[in-house]
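Enquirer: Given the sequences, and given the hints that come with them, work out the whole structure.
The number in the working numbering is simply the position in the sequence shown, starting from 1, with 1427 added.
It is worth saying that the hints were derived from the structure and are not from the lab. C-beta: ideal position from N, C-alpha, C; glycine also. Incorrect hints may have been included.
[Stated by the list, open to error] Pairwise CB distance ranges, derived in the manner of DEER restraints: (1) Asp1602 x Ser1551: 22 to 30 Å; (2) Ile1593 x Thr1443: 30 to 38 Å; (3) Ser1542 x Arg1432: 31 to 39 Å; (4) Leu1451 x Glu1533: 17 to 25 Å; (5) His1592 x Gly1541: 22 to 30 Å; (6) Leu1624 x Val1447: 19 to 27 Å.
[Unchecked claim] Simulated crosslink set (DSS-like; lysine-lysine; CA at most 27 Å straight-line): (7) Lys1520 x Lys1473; (8) Lys1606 x Lys1473; (9) Lys1520 x Lys1606; (10) Lys1520 x Lys1466; (11) Lys1606 x Lys1466.
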Amino acid sequence: MLIFRDIIGRLPRAATIDDVAHVLDELTMLREEVLNRLKMRIKMNKLRANESQIERHIQNSNPESISDLEPALEKEQGAKSSQAMKLPGEPIKAFPLGMVLQACPEISNYGRGGSIGSWRELMSAAVVVRSMLGVSPSAYQDACDILGPENAAAVMACILERAGHINSAGAYLRDLTRKAERGEFSMGPMLMALMRLNGAPSREAS
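Expert: Quick look at the structure:
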């Protein structure tokens, strides 16, 4: 709610079409952010419900037959634990390409002909930037596996945009990947911050 008010609060009374368009872009990103977080919460709730069912199954089992059930339960719990590790890291929905490019204009310099017109071109440019910033192939592959290739490329674009403020691009990417795996990272806030820095003209002036 605070982020929503902050976005709306930057809209001047005598708003132009461009002012409204930029606010609409930020509200669209906020919507995607909320949806992504809700999806992650639903997945975690389903996981907890499955774990509770396993615990009740153990408690309600005949004590004399527990030894017979242990191998099957261990296998089932192992599968659930494996699922728990994968759920938060499932690729999340990517934000619109236009928003990524508006927030991260520098990445276009590494596209073919100095421009980017598709996700495929952004992903190709991200590979060039990855190498330039010293990010290892394994770190970038991990990000692609957890975030999805589109979001991983968008993150590289964000890192490039703030490269002068990041000591180690590789360590930074690995940290974001670990947070995403735990369900603690989403692209929305990062993109919105960069849009305010690089995108629209100030909307605070009257």
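Enquirer: Evaluate each hint against the coordinates.
Expert: So, going through the hints one by one against the coordinates:
1. Between Asp1602 and Ser1551 the CB atoms are about 25 Å apart, so this pair conforms to the stated range of 22 to 30 Å.
2. Taking the beta carbon of each, Ile1593 and Thr1443 are about 34 Å apart, inside 30 to 38 Å as hinted.
3. One distance hint, 31 to 39 Å for the beta-carbon pair Ser1542 and Arg1432, holds here, with the actual separation near 36 Å.
4. Between Leu1451 and Glu1533 the beta carbon distance is about 24 Å. The supplied range of 17 to 25 Å therefore holds.
5. In this structure the hint that His1592 and Gly1541 lie 22 to 30 Å apart at CB holds, the actual value being about 24 Å.
6. With their beta carbons about 20 Å apart, Leu1624 and Val1447 fall inside the hinted range of 19 to 27 Å.
7. Between Lys1520 and Lys1473 the alpha-carbon distance is near 20 Å, which keeps this suggested pair within the 27 Å criterion.
8. Distance restraint check for Lys1606 and Lys1473: the Cα-Cα separation of roughly 20 Å lies within the 27 Å cut-off, and the hinted pair is therefore satisfied.
9. In summary, the hint linking Lys1520 to Lys1606 is supported, as the alpha carbons are separated by about 16 Å, within the 27 Å threshold.
10. For the given pair, Lys1520 sits about 10 Å from Lys1466 by alpha-carbon distance, which is consistent with the 27 Å threshold.
11. The suggested pairing of Lys1606 with Lys1466 holds, with an alpha-carbon distance near 16 Å, which does not exceed 27 Å.
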